[in-house]
Amino acid sequence: MLNDWLYVGIFALVSMFLPAAAISIAALLSPKKPNSVKNATYECGMETVGPAWAQMKVQYYVCTLVFLVFDVEAVLLFPWAVAYKQLPLYAVAEAILFILILLGGLLYAWRKGALEWL
Amino acid sequence: MSGLQIVFLIVAVVTLFSGVMVVASRKMMHSALWLILTLLGVAILFATLQAGFFAIVQVLVYIGAISILIIFTLMLTRRAMDDEHPQVIKGWWLPAVMAVILFGLIAGFLATWKDFQVMLNELPADAENLAAFGSALVNPAGYVIPFEVASVLLLAALVGAIYIAAERKEKVG
Amino acid sequence: MSFWRDPINFIIEWAKGLLAGIGWGPGWATTVGFVIGAFVLAAGAMFFVVFLIWYERKLIGRLQDRFGPNRLGPWGLFQPIADMLKIFTKELITPSGVDWIAYNLAPVLSVAAVLMMWAVTPFSKTFFGVNISVGILFLIAVGGLGEVGIILAGWGSNNKYALVGALRAVAQLCSYEVPFVISALVPVMLTGSMSLVDIVEAQNPWYILVAPAAALIFFIASVAETGRAPFDLAEAESEIVAGYNVEYSGLKFGMFFVGEFLHAFTASFIFVTVFLGGWRGPGADQIPVLGLVYFMIKTFIVYFALILFRGTNPRFRIDQMMDLNWKVLTPLSLVVIMVIALVDRLFASSADWLRTVILLAANLVILVVAERLIRRGVKTTGLEVGSRERPVASPDNLFIQPGSGAKG
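In the order they appear, the protein sequences are chains A, B and C. According to the numbering used here, the first sequence holds residues 1 to 118 in order. According to the numbering used here, the second sequence holds residues 1 to 173 in order. According to the numbering used here, the third sequence holds residues 1 to 408 in order.
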């Protein structure tokens, strides 16, 4: 089993090495003529005004938080799904209870307007 | 020095270094990125212990969700693009001494454990039995109560965060 | 004969024998074998993208009633090669004030995240990278690494529009992971294992016939995860001017582009593996290379469907996308899981085919009920904007407006 993970690690290193190698070859082959206009930040052709910061909306945070809760829920359901074929009916009922509690949370979020994007 | 030991040493050093850099870097965004590297190191350590499910869950939940949440929170509360702070507090020698003493104590206790020098054996191929794990999670004699309590805990986290964020939305807009 | 039955594995075994013959120990031989195998698979994937770019451009051209590229080579086959050569020699303009590591790591991480998905899928009975016990979760986890790449691109570019574009793209990708993960639970439930090799081998009727509702949700969520039309808000030209990769030029931009095409193909073959039976087909068990052929045919059919979506649907707005995800797909996927779990357990003792038919019926009922509910929630009566009279130009009343009564 360790061999499997060794392969995954090697594949990860190789798959990061290949694009990096390609970009290095391109860096060697390409011309390099920087000047201050080319290196300026792109703002649809206008001059940059003010430092580069962006106004965050709170929807990004709430959306990611709801995603986190459902992600953890799905991850907790994966072992149950693997063992599903051997489980008796009450185990299915327990998992359905689990999902119903979180569906209730989704309904709360919906009614509170946390899922709006405006 | 077997291959596993070399991999463990490298990953452990990288993880510890990233952990130190999380608190020591000047920009908050850099701290978040060093945190991602630390979590990746912990996932690789799980994989060397052949707990494949936990390695993948670490990447999926911690790096794919929690790190992104931390980065969004950073941006929401600070102007993250140009955020620099001094990183040294005044009386830093006292916590440093306490940390070294604590490390010495823990390492000393571990060294008296009789299996400290035993190498890790590779588990047989069917040792990672996810079906048994799943059955244990819903078994009434197993962990079903923590399983259901976990869902209530997640619900509480969801409701609490939405309540706080909705209050902030009213304060801001 | 055994070479023709399974050419790829034959070559792998021959190479391993060669390495063992040199006299290296088993640990080193395995590691070198892994490195060479990983290299061949990853490089093969990257060279395959060239063909995919040609295929997509030709098809999009035909959908838009024009020829695609047709100048270079027969049917324009050498066009992507010419594009690659051009993009290798473009100047890599690095804007001032960028964070060097984040800026350069982002395209590498985006492509690496997609390439890693090729390591665990079974392309035929014997040709796969590695059979991890948590295959399907691995695919989802490395998708998360791609999101980190996008954040690095947006933040490292020192450009507020890139940052806003990156945040929107990541919010979209994160949100659509929820129905993706939840509907990926259904094949795991029906198979009893998370490993992709086991999922393919257990698909006696294909899972799309057993759980079409879950397949539909999985498909829509994977199209949204790849950031293609109609979900391509993050990179649309009329939106935030190419979004998070606005400050990239030359091959770094090319890498984002390659990553996106490869992700579309990868999403197709993940769907094929999980719901359409992967490499299975008549005769594929005995002759492994036939499995590879079936896999490629099925993947190209799904990829064709993806390109059709791109060519025919208008783009979603961000609030429409988020509504679709949180108010339609997530509750629907949770309901699908509960219904499939209950129905499968209640009829667990019946014959296999009967259970399949009942599950299919349950899924179709869910889909019909969902469609009714959605239709009730959507306003379908149009809004009259302006009058229906249109000024008609003719030679004797060139400057007349309708209804004004004046004659010129």
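To be clear, the hints were calculated from the coordinates, so they are not data collected in a lab. Be careful, since some hints might not be right.
[To be verified] Reference listing, derived: stretches of chain B covered by chain A, where coverage requires no fewer than 3 residues with Cβ under 8 Å from a Cβ of chain A:
hint : region
1    : 20-32
2    : 45-58
3    : 136-147
[Unchecked claim] In silico lysine-lysine, DSBU-like type, Cα no more than 35 Å apart, as pairs:
hint : chain 1 : residue 1 : chain 2 : residue 2
4    : C       : 58        : C       : 16
5    : A       : 32        : C       : 90
6    : A       : 32        : C       : 86
7    : A       : 38        : A       : 57
8    : C       : 90        : B       : 27
For clarity, every value in this text was computed on a predicted model and none was experimentally measured. We put the CB at the ideal spot given by N, CA and C, even for glycine.
### Task
Go through the numbered hints given earlier and state which of them the structure violates, listing their numbers in rising order.
1, 4
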